[in-house]
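Residue numbers (our numbering), protein chains in the order written: chain W, 18 to 557; chain Y, -2 to 215; chain F, 33 to 171.
Hints should not be assumed to be uniformly reliable.
Claimed, not checked - If you want the footprint, here are the derived chain Y segments under chain W, 3+ residues with CB under 8 Å:
hint : stretch
1    : 27 to 35
2    : 79 to 89
3    : 99 to 109
4    : 179 to 185
5    : 201 to 208
Claimed, not checked - Straight-line alpha carbon distances no greater than 25 Å define the calculated DSS-like cross-link-like pairs of lysine-lysine that follow:
hint : chain 1 : residue 1 : chain 2 : residue 2
6    : F       : LYS139    : W       : LYS290
7    : Y       : LYS121    : Y       : LYS179
8    : F       : LYS98     : W       : LYS206
9    : W       : LYS556    : W       : LYS428
10   : W       : LYS206    : W       : LYS290
11   : W       : LYS296    : W       : LYS428
12   : Y       : LYS179    : Y       : LYS94
13   : F       : LYS139    : W       : LYS296
14   : Y       : LYS121    : F       : LYS98
15   : Y       : LYS121    : Y       : LYS181
16   : W       : LYS503    : W       : LYS548
17   : W       : LYS354    : W       : LYS290
18   : W       : LYS31     : W       : LYS503
19   : W       : LYS556    : W       : LYS290
20   : W       : LYS206    : F       : LYS99
Calculated from the structure, these hints are not laboratory results.
Note that the structure is predicted; figures quoted are calculated from it, not measured.
Ideal Cβ positions, reconstructed from N, Cα and C, are used throughout, including at glycine.
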Amino acid sequence: MSENQNINYLNHPKGIMSWLLTLDHKRIGLMYLFSGIIFFLIGGLLALGMRLELAAPGNDFVSNDTYNSMYTLHGAIMIFLFIIPAIPGALGNILLPLMVGAKDVAFPRLNLASFYIYSFGALFAIYTIVNGGVDTGWTFYTPYSTQSTSNVVPMTLGIFIIGFSSILTGLNFIATVHKMRVPGLTWYKLPLFVWALYGTSLVQITATPVLAITMVLLILERFLGIGIFDPALGGDPVLYQHFFWFYSHPAVYIMILPAFGIISEIIPVHSRKKVWGYKFIAYSTLSIAFIGFLVWGHHMFTSGQSVFSQIVFSFITYFVGIPTGVKIFSWILTMYKGQVSFTTPMIYALSFLFLFTIGGLTGIFLGAVALDIHLHDTYFVVAHFHYVMQGGTIIAFLAGLHHWWPKSFGKMYNQKIASLCALGVFIGFNGTFFPQFLLGLRGMPRRYATYSDQFSELHTYSTFWSTILGLSIFIAILNLMWSLRKNNKLDPGSNPWGALTMEWTHTSSPPHPHNFESDPVFTNGPYDYDKVIVEPTLKK
Amino acid sequence: MSHNSSSPDFLHHHFHDVDQQYQTSKFGMWAFILTEVLTFGGLFVAYTVYRSWYPEMFYDAHLLLDVNKGMLNTIVLISSSLTMALAIWAIQKKNKKLSLWMLVITWILALGFLGIKYLEYSHKFEVGQLPGIFYSYMGPEVVNIDNPHIFFGIYFIMTGLHGLHVAIGMGLIAWLIYLTKKDKLHSDYYTPMETVGIFWHLVDLIWIYLFPLFYLIG
Amino acid sequence: MSNEHHITPLRTYLIIAGSLLFLTGVTVWVSFIDLGSFNIILAMAVATLKASLVVLFFMHLLWDDKKNLVVFVMSLMFLGIFITFTLLDTGFRGGINPEVKNSINSKASFYDNLPLTDTHGNPVDSHDNHHEDKDDSHH
């Protein structure tokens, strides 16, 4: 091997400053990845702390106030510092330009700025943790959030700042998809992950500004008492909920759409089969992104909003189920009669299908006004949310991480450990959260550090399995990191899974600093397994 | 990886050609305009909801605003929009001197806008027509209406955020003046002027709505 | 390269600016005529006409890549969704429980402690007179 072939984005150029000031989307993606994983671990530890407190009735481990801070920080950190930036910021940044055959995203300097804005916002979040936490819940509902003496202002300010990072990333991706595609790569030949990132970015640039202005109004409410959200000053706290959910409902699609994209990539590759219903998947992404803007009121069925709007929001909520169902069926039909191999990414992808379907179906329950009034603010909602966000997004994130790890680093992890962890995540997850559906149906309210004895069996059960879940995720991540050691002999080759998308076929793993050694020429569609024969370079 | 040795110095390495770069920047700016519209949009929603709840209060409270200053500011901002458009027109026509003058006039008009705004604000601070709990004005016009502090809260937030955009726009226009003077911008490459222009017209556009919504409640 | 960009004639810019100033005059003039609820509709119609002129000519959308127009129209569409769906709630409160509607729109309590002022914001002594006026108008 000549020296020239060894040059890749990881070792060229060298030096810490070449990383901190890099305009290379792959390096920025890695910086997002590692900061995201750190916050994932912090959020995860908070979750395990809560489960520990809930292992038995009564305040055995933490006080009520600490518990309030723990669930607020768990929610805010997981959502705003990990899930929302993680997939677009990390995997999206690394893969999007490679997938469309571009040398970089449309605005590389904006991309770096976006990372630093994210870091700056994260400092406020860290300050909040160190300074004693915040106790309003991640939704910051008024009027309590205007009165609470905890760190509402630093945390909301942090979220406000991180919002800009999210907007800039979205803007960058949209411009990249529109303007930077390699000649010949038409819209219907784009990998579905690109479609998913495109839909996500549309939601990001459209909804996030409203979050920004909501946080500004909340902060002004605290400092000036402007009265817009405060009933004592002639305002309306329910209006805050409209503002908040106009962002935060579409935001759950910011979180789940990229996960759909990852699954759409992994299933065809590991089933060696052309994706079924390409256009259905592509358009269902856009329609989910759009319908997601019309349903925010279903979070507010018990808020006192008008009956008329309850009916409208409930009705439209069911329409989200249609494009989502289309996706699930398309994935299943992709696997049908394919050569499914149970690699680590595929095990995660199959868990996703199972868990996300449960999460989605229980969402239909909650969309019905009458049922939601019973289930609102119970563990049923908690379980539904985690089946969608952890069983959906985080498992898809882990799937993507294992799928593209050899792409990003040119190294292979120990697949046996990785697969065992994937099974551990699946079992631990169900053990933790399925009991919570039952708890919710029996009336256990969320956000309490204590509970009456009748719930103790299910809570103990949930806590037990949460340790398995936490441990599996922790070992899975350690296993990935361990693969980066110098003397790792496992060589995945440049295309370990035998994929057909451009990031695998047109460049080495890890890629060249400028992505492609020469201007790439678009050759085959992303899923043409019926036309092109490509052998996986990974030895079995 | 360079395309060919003759590629112009303003072309970034990751674009194929100048046109791709120009169109991409412009498209990015429009996507940014979308986020701006929705940022202000949240405040327009708050305005609409509260005006629908307190129609009489909005009418009575708006009488406390100075229509003449509002109209003068409208004229100032529309003129500055024209001079901004003419600056781009001049540079397209390779007339650097005219373009510079137009930018300078735009900047001065923007300063004028903020000056007039300052006069309005300082009067409101003097008489206590302030947002939220700092509201203290109880003159004869308002003794019979409920909660005028909400009107002034929304007024100050919306015009304040708009004023902030004017100030940011002034910074950007100053940057354009510098670039044009240094011959960094010319008829082959004026993308920054085009995109800042779009931003500046947006500022005008928002004021076009703010003016009737606050000063001209019928 | 720049030859491909559309250059708007100077005359167009001047005509558009003239129309914008004229329409500003119109909207101010109309606002002093009492047309009831038609006032706001007219004011918004004129503002939208002005905004369209700015967007199409000053911001060059008329000749630009149509994608940019789509992005801009999308922003208005989502703003429309936000306003409409919020008004579906705030405009129809109290269908079952009227208290939900009445709990807002009550006067903030800090007004009780504010002294009456003259038009310059200075406190005035005739406190009691004004209070009576106020009470009368409420009943």
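Hint by hint, here is what the structure shows:
1. 27 to 35: Contact hint for the stretch 27 to 35 of chain Y vs chain W: holds, 6 residues under 8 Å.
2. 79 to 89: violated (count 0)
3. 99 to 109: violated (count 0)
4. 179 to 185: violated (count 0)
5. 201 to 208: violated (count 0)
6. F:LYS139 / W:LYS290: 67 Å, violated
7. Y:LYS121 / Y:LYS179: 43 Å, violated
8. F:LYS98 / W:LYS206: 22 Å, holds
9. W:LYS556 / W:LYS428: 13 Å, holds
10. W:LYS206 / W:LYS290: Within the cut-off at roughly 16 Å; holds.
11. W:LYS296 / W:LYS428: 34 Å, violated
12. Y:LYS179 / Y:LYS94: 12 Å, holds
13. F:LYS139 / W:LYS296: Violated - the C-alpha atoms of LYS296 (chain W) and LYS139 (chain F) are around 56 Å apart, more than 25 Å.
14. Y:LYS121 / F:LYS98: 44 Å, violated
15. Y:LYS121 / Y:LYS181: Judged against 25 Å, a Cα distance of about 43 Å means the pair is violated.
16. W:LYS503 / W:LYS548: Violated. LYS503 (chain W) to LYS548 (chain W) sits at ~38 Å, over the 25 Å cutoff.
17. W:LYS354 / W:LYS290: 8 Å, holds
18. W:LYS31 / W:LYS503: 17 Å, holds
19. W:LYS556 / W:LYS290: 20 Å, holds
20. W:LYS206 / F:LYS99: 20 Å, holds
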